[in-house]
Amino acid sequence: MKNGFRQSMAWLHTWTGLVVGWVLFFVFVTGNLGRFDSEIDLWMQPEAPVQTASLEQQIVAAQTRLQQRGGEWERWGIYPTTNRDSAFLRITWEAPAQPNGARGKRGEEFIDPTTAAPLDARATGGGQLLYKMHYALHYMPRSVSDWLIGICSMFMMVAIISGVITHKKIFADFFTFRPNKGQRSWLDLHALLAVLTLPFFLMITYSGLVFLVYTLFSGVVSNHYGPGYKNRQDFNNELAGRQELLIERTGSAAPLTDLTRVVQQAEYQWGTNQVRSLEILYPGDSNARVRIARQIELPLRSTDELIFDGTTGELLSEIPAEGVASRNFYETLLGLHESLFAGWWLRWLYFLSGLAGATIIASGLIMWVVKRRPKQTKQKNGPDFGFKLVEGLNVGTIAGLQIAIAAFFFANRLLPVDFAARANWEAHILFAVWPLAFLHPIIRPIPRAWVEQWTVAALAFAALPIVNAVTTGRGLNQSIPAADWAFAGFDLTCLAAAALFGTIAYRLQQRFKPVAAKRPAPVTTLAQEASA
Amino acid sequence: MLIAGLVIYVGLVALALLKNRHLHQLWPGLALPAWTRKTLSTAGWSLLTVAAIYLIAQRGVGNGLVEYFAAFTVAGLILVVQFSYSPRSVLALGIFASGGATAAVDDN
Numbered sequence: 001m002k003n004g005f006r007q008s009m010a011w012l013h014t015w016t017g018l019v020v021g022w023v024l025f026f027v028f029v030t031g032n033l034g035r036f037d038s039e040i041d042l043w044m045q046p047e048a049p050v051q052t053a054s055l056e057q058q059i060v061a062a063q064t065r066l067q068q069r070g071g072e073w074e075r076w077g078i079y080p081t082t083n084r085d086s087a088f089l090r091i092t093w094e095a096p097a098q099p100n101g102a103r104g105k106r107g108e109e110f111i112d113p114t115t116a117a118p119l120d121a122r123a124t125g126g127g128q129l130l131y132k133m134h135y136a137l138h139y140m141p142r143s144v145s146d147w148l149i150g151i152c153s154m155f156m157m158v159a160i161i162s163g164v165i166t167h168k169k170i171f172a173d174f175f176t177f178r179p180n181k182g183q184r185s186w187l188d189l190h191a192l193l194a195v196l197t198l199p200f201f202l203m204i205t206y207s208g209l210v211f212l213v214y215t216l217f218s219g220v221v222s223n224h225y226g227p228g229y230k231n232r233q234d235f236n237n238e239l240a241g242r243q244e245l246l247i248e249r250t251g252s253a254a255p256l257t258d259l260t261r262v263v264q265q266a267e268y269q270w271g272t273n274q275v276r277s278l279e280i281l282y283p284g285d286s287n288a289r290v291r292i293a294r295q296i297e298l299p300l301r302s303t304d305e306l307i308f309d310g311t312t313g314e315l316l317s318e319i320p321a322e323g324v325a326s327r328n329f330y331e332t333l334l335g336l337h338e339s340l341f342a343g344w345w346l347r348w349l350y351f352l353s354g355l356a357g358a359t360i361i362a363s364g365l366i367m368w369v370v371k372r373r374p375k376q377t378k379q380k381n382g383p384d385f386g387f388k389l390v391e392g393l394n395v396g397t398i399a400g401l402q403i404a405i406a407a408f409f410f411a412n413r414l415l416p417v418d419f420a421a422r423a424n425w426e427a428h429i430l431f432a433v434w435p436l437a438f439l440h441p442i443i444r445p446i447p448r449a450w451v452e453q454w455t456v457a458a459l460a461f462a463a464l465p466i467v468n469a470v471t472t473g474r475g476l477n478q479s480i481p482a483a484d485w486a487f488a489g490f491d492l493t494c495l496a497a498a499a500l501f502g503t504i505a506y507r508l509q510q511r512f513k514p515v516a517a518k519r520p521a522p523v524t525t526l527a528q529e530a531s532a
Numbered sequence: 001m002l003i004a005g006l007v008i009y010v011g012l013v014a015l016a017l018l019k020n021r022h023l024h025q026l027w028p029g030l031a032l033p034a035w036t037r038k039t040l041s042t043a044g045w046s047l048l049t050v051a052a053i054y055l056i057a058q059r060g061v062g063n064g065l066v067e068y069f070a071a072f073t074v075a076g077l078i079l080v081v082q083f084s085y086s087p088r089s090v091l092a093l094g095i096f097a098s099g100g101a102t103a104a105v106d107d108n
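For the record, the sequence lines run as chains A and B.
Under our numbering, the first residue of the first sequence carries the number 1, and numbering increases by one thereafter.
Under our numbering, the first residue of the second sequence carries the number 1, and numbering increases by one thereafter.
Fair warning: there could be bad hints in the mix.
[To be verified] Under 7 Å between C-beta atoms, here's a sample of chain B residues computed to sit facing chain A:
1. His-22
2. Gly-64
3. Val-66
4. Thr-73
5. Gly-76
6. Leu-77
7. Ile-78
8. Phe-83
9. Ser-84
10. Pro-87
Rather than coming from a laboratory, the hints here were simulated on the basis of the structure.
Here a beta-carbon is modelled for each residue, glycine too, at the ideal position from N, C-alpha and C.
Just chain A, with the same shape it has in the complex (with noise of 0.2 Å):
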């Protein structure tokens, strides 16, 4: 036990920042990269046509091709491109819940609008992956990421208001910045930035905490309405007066309305490219209901909605965004933490202080070794084992995840685009070169890891733009005049993270080298840098 408050705030920043930073800085890195990931999905299929198609031509198509592949099921779902979240028109469907209450199986596909046939481009996973991997991880189902992910939400609400307290100079010293001061500079830098974009990071830890109140507060719906995901799917309906959406399927056949029809009442209603997204419920029922929501232009992501029967296509209740007060601040804060409402410049500014928060986590595990090493390498027996652990995974963690992302989007260039697998293997080729980051810290001195690995991630999104130019015809040359924002945007970026990347490893490589040569003893100066 620590005397004093603020020592015992201090403590409890550093253990709870240190155990779960390493996942937080992935969470952190690959959510971010999800403000764009339509963009890195038109990236990541470059051969789809670009859409032009309108809204009518879009729905349908969707309508044809859902009705095409046939089947009984629960909901099917419609993502024009007017939709932030839809680089493609995409259908989705989905099975009745199982026996047991959990969600039915379910699907989606791109389309093409003129064709109505799926969209003839390379399986990828996409920027829809990359996003997805912030709260779901990979490779385990998601009652164990949830749990994960909850637990270390936890962890960095207790390290940000534990810092808050514990860096109480943070708001004294609020424009300082002291740079190449050792220790100094990584404080300032950790405290600086977290005192400018706090109001951000409180915000999307608290509100990512919020997504998964349901796992985290485990009987909260199902005490009342009864367990499975049919129960939460009615509980949310009643939350948001959805009253003609809590039926039962009679049994009885019925087709389908005309969806066009639906959507020209709620542009009549709404304006041109308001609608957002369609849900079909029941399809192909008597008591099937379609039910249209309206785009997001607010912090709060509950839309205006529209329903309608889905056999007449008569309009049969107006939802609006405002309901209770408890559902307008949950959707408040899921809405500010998915900045699906947010404009070009304000999703730059969202990133910009996505950046900022890796930083601050990064900073904080670089902090614990930098305070740590000078009675660490006086050790007779070397740096403990803890120490060398930590300097390990921070190599692999900061640097090593920016090669591990560069070798995802290489896998998307370079394997064969008729692979049948490759959806998947893009991923596996991100798991499989992300360990090879910690592996390299344990056979060279840390400071050459640090290099080494800044420097490939360097040369890596370097790369990128010209295996893109080379590979689809649609490189920098050409996307720039074209005015291919999505393109450009992305190879741009790729070339902003090699020239960051690159300075820090140019950086480092200036700082070691006179502290290798200053220090004449050999002997020594081996052990201290293989420990350092």
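The hints should help you fit chain B onto chain A, whose structure is shown.
Only chain B this time, still in chain A's reference frame:
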């Protein structure tokens, strides 16, 4: 939001000058009389408040507050980088921001 960003920046400059560390980066050894400190403090906090009110009035509470915090983060970041690497440029950007914000408000 750009206007609000400029106003926030000027407000932050005023508050930063209350700290001798930053004041002396621009005017070494200068000691501010109490009334100047009072004025700077009032001006700084007022400008930060005005920017928030302006954004909420223009963009609504939800978008307004989000944009306020975004603008605050960027303005603060720019100011810190300037104080660390090129303190003199604070004056130049400060004057430009005051002028720009005034002109933009006049236009509206």
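Exercise for the section: Output the numbers, in ascending order, of every earlier hint that fails for this structure. Expected result: Structure breaks hints 2, 7 and 10.
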